[in-house]
Amino acid sequence: MKKLLYPIIIALLAVVLTACGSNDEADKKNDEKETKTTEKETAKATEEQQKQMEEMQKKLDKQKVDEKKTVAIVNDEKISGAEYNTVLSTTQMQMQQFGQDPTTKEGVKQIKEQTLNSLVGQKLLLQAADKKGYTASKAEIEKELAEIKKQYESEEKFKEAMKQAGLNSEMLNAQIAENIPYTKYVEKEIKVEEATDEEIQKYYDQVAEQAKTSGQKVQKLEEMKPQIKEQLEQQKKQEKLVKHVEELQKNAKVDIKI
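According to mature numbering (1 follows the signal peptide of the UniProt record, and there is no 0), the sequence shown holds residues -19 to -1, 1 to 239 in order.
None of these hints come from the bench; they were simulated from the model.
There could be a bad hint or two in this list.
Dumping the calculated EDC-like pairs for lysine to aspartate or glutamate here, alpha-carbon to alpha-carbon at most 16 Å [stated by the list, open to error]:
| hint | residue 1 | residue 2 |
| --- | --- | --- |
| 1 | LYS40 | GLU87 |
| 2 | LYS183 | GLU203 |
| 3 | LYS217 | GLU179 |
| 4 | LYS238 | GLU58 |
Working from the sequences, and respecting the hints, build out all of it.
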């Protein structure tokens, strides 16, 4: 739920090639000429890439809604356009990370559905957490914020990440305040059984087979066991969480407005 943990920080890299020195003056002139040509081509490619990125961003921005608009009502609680736009941006980024185009007709439809499902599910879980009495203290919020900031090299990079994620300080603090009760609820209420040795072995065999097929080396089972165990248990929890949301939704009143 830490939406700021998935920002896409897009950087343009201009590669400048310099020719190696030569005692031959003619070779030196040719090298300089080739270098200038390469620099021009690189600059042109960078400019074209920048234009493509700007065009893509315009298309992505068109998918946003009015921040004050109500996009859904879940058990009499409204979900705002601002909340929608934040999750929308994250969903768009994730789709791009998987090499998919979020601006196609099918992509736009998929993103909208995924964003709304995510928001409704989150709201239902937050309501359930509130009913159970899970809260976030000021100290917990400050600690969580500090942990998030640690992931960035500087305050400037952190602010840029927030901008990319469509967040400001107030929105981030609000999300953290929601995230803490949510996390407590999931940890306490969504219990799963530990991964068995059999499940770990089966998973390891699949990884080893894939590595063998691609000609890669694989670590020994003993070395990978803790990581595999954690991953399997997270997967179990995620599957159980999805089912839990489905159960909550059966008894909920959900009104989608867009």
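Here's how the hints hold up against the structure:
For the hint pairing LYS40 with GLU87, the CA-to-CA distance comes to about 14 Å; that is within 16 Å, so the pair holds. Under the criterion of a C-alpha separation no larger than 16 Å, the hint pairing LYS183 with GLU203 is consistent with the structure, at around 14 Å. Restraint check: the Cα-Cα separation between LYS217 and GLU179 comes to about 15 Å, which is no more than 16 Å; the hinted pair holds. With a C-alpha separation of about 13 Å, the suggested pairing of LYS238 with GLU58 holds against the 16 Å cut-off.
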